[in-house]
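Taken in sequence, the protein lines are chains A and B.
If you read the first sequence in my numbering, its first letter stands for residue 132, the second for the next number, and so on.
If you read the second sequence in my numbering, its first letter stands for residue 132, the second for the next number, and so on.
Source of the hints: derived by calculation from the structure; they are not laboratory data.
Among the hints, a few may not be true.
The list treats identical chains as interchangeable, and a pair is accepted whether it falls inside one copy or across any two copies.
Claimed, not checked - In silico EDC-like pairs for lysine to aspartate or glutamate, Cα to Cα no more than 16 Å straight-line:
#, residue 1, residue 2
1, Lys161, Glu138
2, Lys448, Glu155
3, Lys461, Asp211
4, Lys161, Glu196
5, Lys461, Asp365
6, Lys195, Asp174
7, Lys477, Asp355
8, Lys437, Asp181
9, Lys477, Asp281
10, Lys292, Asp352
11, Lys327, Glu185
12, Lys195, Asp281
13, Lys485, Glu456
14, Lys391, Asp188
15, Lys149, Asp484
16, Lys292, Glu155
17, Lys149, Asp174
18, Lys431, Asp529
19, Lys195, Asp211
20, Lys438, Asp252
21, Lys327, Asp258
22, Lys485, Glu514
23, Lys437, Asp258
24, Lys195, Glu182
25, Lys431, Asp281
26, Lys136, Asp344
Computed from a predicted model, the values in this text were never measured in an experiment.
Number of protein chains: 2
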Amino acid sequence: MGLLKLEVLFSNTARGMKPSPIRELLPYIKRPGMISFAGGNPDPMIFPIDEFAECSDILAQNGKEVLQYGPTDGYAPLKDFISRWMAPRMGRAVEPSELLITTGSQQGMDLLCAALINPGDYIIVEDPTYPGAIHTMRNRGAEFLTVPCDKDGLLVDLLPKMIESARNSGHALKFIYTIVNFQNPAGSTLSTERRKKLLEIAAFYDIIVFEDDPYGHLRYDGTDEPTLFSMDTDGRVIYACSFSKILAPGARVAWITGHKDIIRKMVLVKQGVDMCTSVVAQALVSRYCEKGYLDSFLPKIIAHYKKKRDGMAEAFKKYLPGYVEYDIPKGGFFFWLKIPGVDTEKLFHNAIDKGVAFVHGRSFYACGGGENCLRTCFTFAQEDDLLEGSRRLRAAIDGTRP
Amino acid sequence: MGLLKLEVLFSNTARGMKPSPIRELLPYIKRPGMISFAGGNPDPMIFPIDEFAECSDILAQNGKEVLQYGPTDGYAPLKDFISRWMAPRMGRAVEPSELLITTGSQQGMDLLCAALINPGDYIIVEDPTYPGAIHTMRNRGAEFLTVPCDKDGLLVDLLPKMIESARNSGHALKFIYTIVNFQNPAGSTLSTERRKKLLEIAAFYDIIVFEDDPYGHLRYDGTDEPTLFSMDTDGRVIYACSFSKILAPGARVAWITGHKDIIRKMVLVKQGVDMCTSVVAQALVSRYCEKGYLDSFLPKIIAHYKKKRDGMAEAFKKYLPGYVEYDIPKGGFFFWLKIPGVDTEKLFHNAIDKGVAFVHGRSFYACGGGENCLRTCFTFAQEDDLLEGSRRLRAAIDGTRP
Numbered sequence: 132m133g134l135l136k137l138e139v140l141f142s143n144t145a146r147g148m149k150p151s152p153i154r155e156l157l158p159y160i161k162r163p164g165m166i167s168f169a170g171g172n173p174d175p176m177i178f179p180i181d182e183f184a185e186c187s188d189i190l191a192q193n194g195k196e197v198l199q200y201g202p203t204d205g206y207a208p209l210k211d212f213i214s215r216w217m218a219p220r221m222g223r224a225v226e227p228s229e230l231l232i233t234t235g236s237q238q239g240m241d242l243l244c245a246a247l248i249n250p251g252d253y254i255i256v257e258d259p260t261y262p263g264a265i266h267t268m269r270n271r272g273a274e275f276l277t278v279p280c281d282k283d284g285l286l287v288d289l290l291p292k293m294i295e296s297a298r299n300s301g302h303a304l305k306f307i308y309t310i311v312n313f314q315n316p317a318g319s320t321l322s323t324e325r326r327k328k329l330l331e332i333a334a335f336y337d338i339i340v341f342e343d344d345p346y347g348h349l350r351y352d353g354t355d356e357p358t359l360f361s362m363d364t365d366g367r368v369i370y371a372c373s374f375s376k377i378l379a380p381g382a383r384v385a386w387i388t389g390h391k392d393i394i395r396k397m398v399l400v401k402q403g404v405d406m407c408t409s410v411v412a413q414a415l416v417s418r419y420c421e422k423g424y425l426d427s428f429l430p431k432i433i434a435h436y437k438k439k440r441d442g443m444a445e446a447f448k449k450y451l452p453g454y455v456e457y458d459i460p461k462g463g464f465f466f467w468l469k470i471p472g473v474d475t476e477k478l479f480h481n482a483i484d485k486g487v488a489f490v491h492g493r494s495f496y497a498c499g500g501g502e503n504c505l506r507t508c509f510t511f512a513q514e515d516d517l518l519e520g521s522r523r524l525r526a527a528i529d530g531t532r533p
Numbered sequence: 132m133g134l135l136k137l138e139v140l141f142s143n144t145a146r147g148m149k150p151s152p153i154r155e156l157l158p159y160i161k162r163p164g165m166i167s168f169a170g171g172n173p174d175p176m177i178f179p180i181d182e183f184a185e186c187s188d189i190l191a192q193n194g195k196e197v198l199q200y201g202p203t204d205g206y207a208p209l210k211d212f213i214s215r216w217m218a219p220r221m222g223r224a225v226e227p228s229e230l231l232i233t234t235g236s237q238q239g240m241d242l243l244c245a246a247l248i249n250p251g252d253y254i255i256v257e258d259p260t261y262p263g264a265i266h267t268m269r270n271r272g273a274e275f276l277t278v279p280c281d282k283d284g285l286l287v288d289l290l291p292k293m294i295e296s297a298r299n300s301g302h303a304l305k306f307i308y309t310i311v312n313f314q315n316p317a318g319s320t321l322s323t324e325r326r327k328k329l330l331e332i333a334a335f336y337d338i339i340v341f342e343d344d345p346y347g348h349l350r351y352d353g354t355d356e357p358t359l360f361s362m363d364t365d366g367r368v369i370y371a372c373s374f375s376k377i378l379a380p381g382a383r384v385a386w387i388t389g390h391k392d393i394i395r396k397m398v399l400v401k402q403g404v405d406m407c408t409s410v411v412a413q414a415l416v417s418r419y420c421e422k423g424y425l426d427s428f429l430p431k432i433i434a435h436y437k438k439k440r441d442g443m444a445e446a447f448k449k450y451l452p453g454y455v456e457y458d459i460p461k462g463g464f465f466f467w468l469k470i471p472g473v474d475t476e477k478l479f480h481n482a483i484d485k486g487v488a489f490v491h492g493r494s495f496y497a498c499g500g501g502e503n504c505l506r507t508c509f510t511f512a513q514e515d516d517l518l519e520g521s522r523r524l525r526a527a528i529d530g531t532r533p
């Protein structure tokens with residue numbers, strides 16, 4: 132008898148598991164007076180609170196259905212809406228069998244990995260990429276190969292050699308993960324030419340492409356590139372999008388679209404994972420969309436975030452020294468900064484002391500790198516704080532440089 | 132170039148994955164005129180629709196928090212409520228670090244398996260047990276050892292030999308899974324004496340006990356047994372409960388309580404799985420509880436389901452032939468029937484033709500068995516349908532017997 136030998140009991144994955152780097156920043160961010168450029172949070176000041184609350188009429192009107200267990204693949208009216216609403220971007224209205232509602236895009240990623248990844252299988256990811264994706268994929272046993280990005284997105288020309296060398300080494304390559312629009316964290320958007328090339332390469336090597344597009348609707352300059360999904364003729368592109376950035380992350384409602392056989396496997400996994408996404412949350416989102424609020428809210432949020440993007444660009448111009456390198460993103464949530472000679476993990480702790488938070492670069496590299504980089508989010512902080520946070524960041528840089 | 136060789140791409144788990152047996156019954160159940168004794172669904176006629184809808188005031192009042200990402204371990208006011216409300220059952224108010232809000236109890240199970248199970252590890256489950264648990268655990272790579280149950284729950288005396296023999300064979304045994312109250316499907320409740328013995332055995336062999344208790348609040352006769360959690364002095368009991376059966380499964384809000392180191396690992400997994408349970412759903416449930424509706428609804432739902440339990444008992448007495456064996460459950464959702472000589476999978480198809488659905492026995496056995504058994508749920512069907520469904524079931528039995 133006695134205490135549990137817990138370390139022995141934990142699974143291999145759980146034993147080696149590291150926290151999601153951004154989730155673990157929450158205690159820092161919540162310190163009084165802290166200005167957060169860290170998490171990719173939408174601005175709560177622009178949440179469509181009244182419109183969303185108004186949609187709770189569906190709870191009274193349709194309570195018998197909404198309070199009951201729902202189908203694992205999602206609340207049918209919401210699936211209908213998404214299929215219609217996304218048709219211009221997807222190139223067609225996808226079938227119900229090709230569409231799965233998920234508890235946030237994070238779950239779509241997790242289910243896709245459960246369906247495709249055996250421990251030790253490889254995923255090609257961008258360098259840098261979204262840390263939440265690395266966390267989820269690693270927890271499902273994935274290993275990584277990384278492709279660098281420039282301002283036009285991932286360097287597709289490097290893929291063939293990488294794929295061939297991985298296959299020659301006997302590695303099972305399961306898919307290429309790419310955030311095509313306003314990449315998290317780099318801010319870049321994959322050019323049309325590279326999209327074409329990526330699909331050609333994927334077809335030649337018969338490999339799946341996972342197109343993650345949480346920011347695609349949030350473009351502040353220029354015109355939209357076609358989705359990989361719409362350009363694909365083989366059924367090899369899995370496309371994920373979410374209401375988190377264009378409505379409210381607290382709903383935890385997102386969706387994933389792809390080949391019906393893959394979606395079907397994901398549905399089977401989801402049956403054991405959470406049975407179905409909150410029907411209550413899905414119904415509220417569905418009603419919100421049907422009332423036309425999503426369409427009327429989008430231009431408002433785009434104007435709002437464009438102003439904030441400009442605010443951070445101005446603040447950086449004013450406060451950041453000339454040797455800090457960055458591009459101004461054309462959409463999305465983030466600036467990606469390179470500060471030659473500065474270790475941004477060290478900088479992070481100095482910045483916290485000065486009262487500003489960001490995410491340091493190492494978090495975004497699946498196989499190491501990013502020591503001199505950092506990501507700042509411009510959507511969450513309020514206008515004055517964009518200036519003051521940048522001033523603090525400068526002070527932290529000055530205190531960190533060798 | 133060409134089509135994807137999908138079967139090659141799927142993970143080993145996905146390739147062998149079977150659908151959750153109950154979820155897959157939905158198409159049958161939805162046939163017009165079908166009376167369903169199949170799924171474990173609450174009665175939508177008694178959902179507290181007006182009270183729940185009234186709680187949507189929290190969306191307007193607290194929208195900035197409720198629409199934003201929430202902490203992975205759960206919405207703090209809901210955690211506070213659960214800790215206070217459950218204290219009499221748990222023996223104490225559990226700490227926030229010991230409590231995790233999950234997207235349904237199904238997710239609690241999945242996260243626990245992710246934290247503890249390596250492929251090939253063993254879990255001891257009851258024979259019969261909840262098919263959703265088998266599905267989830269199998270998807271995480273678990274193998275099973277099964278302990279039979281009688282009317283006082285699992286036969287704890289069989290455990291020591293089973294544990295020793297498993298360990299002698301070099302199997303890693305990770306935990307014992309038990310539905311202690313109004314077991315799904317058997318309807319039995321573990322006696323206090325056996326609870327004591329189970330904990331002694333678990334302590335002696337240093338093994339974790341996962342106490343799943345979705346039906347514990349729904350007792351129609353007799354008095355409550357103490358929870359295993361409240362009797363445990365070692366921190367080895369993980370306890371799961373849910374709002375699905377006592378409020379509304381469509382919310383997908385449940386909770387799991389246990390040793391803080393295990394909960395912490397589960398939080399890390401959840402970061403990558405869905406980031407957090409729908410804050411919108413949690414906030415609605417939280418407000419509902421705080422307004423006292425949970426406490427005022429419970430006696431109502433208990434009286435309602437007791438009447439339905441009695442209704443099914445009467446109907447079975449009237450229609451089922453003497454050789455059909457069953458006990459009348461003291462709580463929960465289910466009757467468990469044994470029909471000697473009748474293959475209940477065959478019976479199922481005949482019953483569907485007659486217009487009544489149930490779940491056949493094989494679904495509840497992790498390692499085979501249950502050919503002559505079936506589960507009927509009495510909470511979902513309406514009063515007249517309890518009679519008519521039983522009449523149809525009798526007709527199906529008559530048409531199936533050799």
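Outcome of the hint check:
1. Taking the shortest alpha-carbon separations for Lys161 and Glu138, neither the intra-copy value of 31 Å nor the inter-copy value of 47 Å comes in at or below 16 Å.
2. Proximity of Lys448 and Glu155 under a CA criterion of 16 Å is satisfied in neither setting, with 30 Å inside one chain copy and 58 Å between copies.
3. Neither within a single protomer nor between protomers do Lys461 and Asp211 lie at most 16 Å apart by alpha-carbon distance, with minima of 30 Å and 43 Å respectively.
4. Taking CA atoms no more than 16 Å apart as the test, Lys161 paired with Glu196 passes between copies only; the shortest distance there is 13 Å, against 38 Å inside one copy.
5. In this assembly of identical chains, the alpha carbons of Lys461 and Asp365 never lie at most 16 Å apart, being 30 Å within a copy and 56 Å across copies at closest.
6. In the homo-oligomer, the alpha carbons of Lys195 and Asp174 lie at most 16 Å apart only across protomers (9 Å), although the nearest pairing inside one protomer, at 34 Å, exceeds that limit.
7. Taking the shortest alpha-carbon separations for Lys477 and Asp355, neither the intra-copy value of 38 Å nor the inter-copy value of 56 Å comes in at or below 16 Å.
8. In this assembly of identical chains, the alpha carbons of Lys437 and Asp181 never lie at most 16 Å apart, being 23 Å within a copy and 41 Å across copies at closest.
9. Proximity of Lys477 and Asp281 under a CA criterion of 16 Å is satisfied in neither setting, with 25 Å inside one chain copy and 62 Å between copies.
10. In the homo-oligomer, the alpha carbons of Lys292 and Asp352 never lie at most 16 Å apart, since the shortest distance is 34 Å inside one protomer and 70 Å across protomers.
11. Taking the closest pair of Cα atoms, Lys327 and Glu185 never come within 16 Å of each other, the shortest separation being 43 Å inside a single copy and 51 Å across copies.
12. Taking the closest pair of Cα atoms, Lys195 and Asp281 never come within 16 Å of each other, the shortest separation being 51 Å inside a single copy and 36 Å across copies.
13. Taking identical chains as interchangeable, the C-alpha atoms of Lys485 and Glu456 are never at most 16 Å apart, the minima being 22 Å within one chain and 73 Å between chains.
14. In the homo-oligomer, the alpha carbons of Lys391 and Asp188 never lie at most 16 Å apart, since the shortest distance is 33 Å inside one protomer and 39 Å across protomers.
15. Taking the shortest Cα distances, Lys149 and Asp484 never come within 16 Å of each other, neither inside one copy (24 Å) nor across copies (53 Å).
16. Taking identical chains as interchangeable, the C-alpha atoms of Lys292 and Glu155 are never at most 16 Å apart, the minima being 36 Å within one chain and 44 Å between chains.
17. Taking the shortest Cα distances, Lys149 and Asp174 never come within 16 Å of each other, neither inside one copy (28 Å) nor across copies (42 Å).
18. In this assembly of identical chains, Lys431 and Asp529 lie within 16 Å of each other by CA distance neither inside one copy nor across copies; the values are 37 Å within and 66 Å between.
19. In this homomeric assembly, Lys195 and Asp211 never come within 16 Å of each other (Cα to Cα): the closest approach is 20 Å inside a single copy and 28 Å across copies.
20. For the homomeric pair Lys438 and Asp252, neither the shortest alpha-carbon distance inside one copy (43 Å) nor that between copies (54 Å) is at most 16 Å.
21. Taking CA atoms no more than 16 Å apart as the test, Lys327 paired with Asp258 passes in neither setting, with 20 Å inside one copy and 55 Å between copies.
22. In this assembly of identical chains, Lys485 and Glu514 lie within 16 Å of each other by CA distance neither inside one copy nor across copies; the values are 18 Å within and 67 Å between.
23. Taking the closest pair of Cα atoms, Lys437 and Asp258 never come within 16 Å of each other, the shortest separation being 26 Å inside a single copy and 60 Å across copies.
24. When the C-alpha separation of Lys195 and Glu182 is checked against a cutoff of 16 Å, the pair qualifies only between copies, where the shortest distance is 13 Å, while the shortest distance within a copy is 23 Å.
25. For a Cα distance limit of 16 Å, the shortest separation of Lys431 from Asp281 qualifies neither inside one copy, at 30 Å, nor across copies, at 63 Å.
26. Proximity of Lys136 and Asp344 under a CA criterion of 16 Å is satisfied in neither setting, with 43 Å inside one chain copy and 25 Å between copies.
Taken one by one, the earlier hints fail for this structure at numbers 1, 2, 3, 5, 7, 8, 9, 10, 11, 12, 13, 14, 15, 16, 17, 18, 19, 20, 21, 22, 23, 25, 26, listed in ascending order.
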